[in-house]
Every structure is written in C-alpha cells, then in structure tokens.
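Since the structure of chain A is provided, determine the placement of chain B on it from the hints.
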Amino acid sequence: MHPLFATPDGTGPPWRAALGSAVIRGRKFLVFLLLNILPFYLLSELLSASGALAYISGFLAPVMGLWGLPPEAATVLVAGMLVNLYAAAAVAAPLALSWQQVSVLGFILGISHSLLMEAVVVRQLTPRYQGLTLLRVVLGLGAGWLLALMIC
Amino acid sequence: MLGKLVGMLPGAMGGGLILCAEIAAVVLPLIIGYEMAKAYGVFERPWPRLRPLLAWLGLGPGALVPLLAGVFLGLLYGAGVLVSASREQGLAAGERLALAVFLVTCHAVVEDTAIFVLLGGSAFWILVPRLVLALGLTAWLARRGRRRMQT
Chain A
918 MHPLFATPDG TGPPWRAALG SAVIRGRKFL VFLLLNILPF YLLSELLSAS
968 GALAYISGFL APVMGLWGLP PEAATVLVAG MLVNLYAAAA VAAPLALSWQ
1018 QVSVLGFILG ISHSLLMEAV VVRQLTPRYQ GLTLLRVVLG LGAGWLLALM
1068 IC
Chain B
4 MLGKLVGMLP GAMGGGLILC AEIAAVVLPL IIGYEMAKAY GVFERPWPRL
54 RPLLAWLGLG PGALVPLLAG VFLGLLYGAG VLVSASREQG LAAGERLALA
104 VFLVTCHAVV EDTAIFVLLG GSAFWILVPR LVLALGLTAW LARRGRRRMQ
154 T
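Chains A and B, in that order, give the protein sequences. Okay, so the first sequence: first residue is 918 according to our numbering, each after it adds one. Okay, so the second sequence: first residue is 4 according to our numbering, each after it adds one.
Do not rely on the hints blindly, as some may be mistaken.
Covered by chain A, per the in silico footprint, the following chain B stretches (three or more residues, Cβ under 8 Å) [unchecked claim]:
id	segment
1	34-44
2	48-57
Selected chain A positions facing chain B (Cβ under 8 Å, derived; list incomplete) [claimed, not checked]:
id	residue
3	Pro931
4	Arg942
5	Gly943
6	Leu947
7	Ala1010
8	Trp1016
9	Ser1020
10	Gly1027
Residues from chain B shown here face chain A by an in silico Cβ test under 7 Å; the list is partial [as the list claims (entries may be wrong)]:
id	residue
11	Leu5
12	Gly6
13	Gly19
14	Ala82
15	Ala103
16	Ile118
17	Leu136
18	Leu138
What the hints contain is simulated information worked out from the structure, not anything from laboratory work. On a predicted model such as this, the values are computed, not experimentally measured, just so you know. In this text, a Cβ means the ideal position worked out from N, Cα and C, and glycines have one as well.
The shape of chain A in the complex, shown without the other chains (with noise of 0.2 Å):
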C-alpha cells in the first residue's frame, strides 16, 4: 500500500494525526496573534493621533533618513527586535509607508527580530549566542542601508 494511506499502528493515516497538530497549532497561533497585534495596533494609532509619536520622531528623522524611513518607523524596529515581527507589522500597518520602505523594514527586520526569545534557542546551538545577537542587529541595520541605498 501506499505509504500515503498506510496504517501499520492502527492510528489511522499520518495527515490525520498532522491534521490534528495542526488545529492545535493553528489555535496557539490565533490567540498568540491577537494578543500581539491589537495591542501594538492600538498603541501605534494613539501614538500617532496624539501627537506624540511626531514628539519623539523628530529627534529620530537625521538617523532613520539612512535607511530612507520616516522617522516613525523607528517604532517598527523596536517592536520588531524587542518583541516580534507581528508587534512590528502591528505598528507599521497604520502608518502610510511605501513599498521600498516596508521591504527595508522586512529586510533589516528579518534578519534581526525577537532578539531576546530567539537568544534563548541559539544559546542551545552555541555559546556564542550573545556575540550572534550583536551579529543580527549589526547585519540587519548594515546591510539595511545598502538595500536601501539600491532600492529608494
């Protein structure tokens, strides 16, 4: 028989028992996105209508010039690095930004994101976990510029 429909324990085919992991999955991950993005949603909004995001951006405008982002979306790196990519997307989605600069965003943040959990697992790989978090956020931010040097 095919391996696809095989059933040698008596467990039934194994894209059931995946299926099954997966609605547990699937559940994990909608309460997880819920409780990530709302609030940064939130946040982000109040931010910007109370006129304090435009408060702590201007300091921030000369820097976020680099890598050719409005001064706001120095929020998008710290909830993207600090907490996770959802919280960035969070904070990004009400701001109007342009397709070169969220690719920036996603680029510098892909590679350096949710440094504090993602240390936890790297530490199991090697010692040198916190030398490799400095890496990511070096990396990220570098060659974040280059790309936005090419593509702005």
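This is chain B only, laid out in the frame that chain A set:
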C-alpha cells in the same frame, strides 16, 4: 483630546482585527503545510544532492535536518526539531556555530517574508538579499575555519 483618542478606538480595533485576519489567512495554511511535511518526514530526508552545498557552508550531512527545520519552520516553531536533531546528529562545535550563524541571519523564510508582503513589501528584496547574506557569511566562516586548521 481624550475624547478624540477614545473615539478612534473602534476604528483602530477594526484595523487591528483586519490585519490579524490577513496574517491568519496566510499563516494558517502554512502551519497545516508544515505539519504535513513533518508527518511525512520531509525534514528528515537526506537529500544527497545538497551535500556539496552543505560542505561549502562548513556543514556535514547531519546538519541538514536542523538546517531545513530552521529555514522553513523558524527558530521558535522549529526549536524542538532544531535542537534535538543537532544533538542526535552529534554535530561538532564548529558545525553548530556555522548552523547558528546561518539560521540567525535567515530562518522562517516563508512566514517572515509573507508578513511584510502583506503590508506591501517586495518578496524579492526582503528574501533574496537575506538568503545571499546567510550563504555568504556562513561560507566565509567555513573558509576561514579551514585556513586556520591548515596553519
């Protein structure tokens, strides 16, 4: 001022929920796909054709399973496969470092890219430079390691 901020809450809530729904529509099928691939042992297949590529990166054949788990599942979701496989396969310290360097630069490629594509980013510019960086950095590390062993 406060009234204005409270007044915008429902709209912001709606915007947040729409974003949640969009991400869920992309990631939930991915989760089903990952679980199916795992159940049919895709991440445990040896794929001998990839051996030269692995060697170029300073990795032995035993590093393939944790590498695939990290690249497709991500560090957190794939942590179980990643850590247990790298232990079972008895990877040397240098190999583990090479694996970690590659994976911190480039992991969860489908999901991470999809999030920013949803916001309007370019999949090419988000993914390809990241992949090139991870390959280049790991290969450079491997070459440097070999040179050190010779001297």
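Each hint, compared with the structure:
no. : hint    : in the structure
1   : 34-44   : holds (count 8)
2   : 48-57   : violated (count 0)
3   : Pro931  : holds, 4 Å
4   : Arg942  : holds, 5 Å
5   : Gly943  : holds, 5 Å
6   : Leu947  : holds, 6 Å
7   : Ala1010 : holds, 5 Å
8   : Trp1016 : holds, 5 Å
9   : Ser1020 : holds, 4 Å
10  : Gly1027 : holds, 5 Å
11  : Leu5    : violated, 9 Å
12  : Gly6    : violated, 12 Å
13  : Gly19   : holds, 4 Å
14  : Ala82   : holds, 5 Å
15  : Ala103  : holds, 4 Å
16  : Ile118  : holds, 5 Å
17  : Leu136  : holds, 6 Å
18  : Leu138  : violated, 13 Å
Hint check: violations occur at hints 2, 11, 12, 18; the rest are consistent with the structure.
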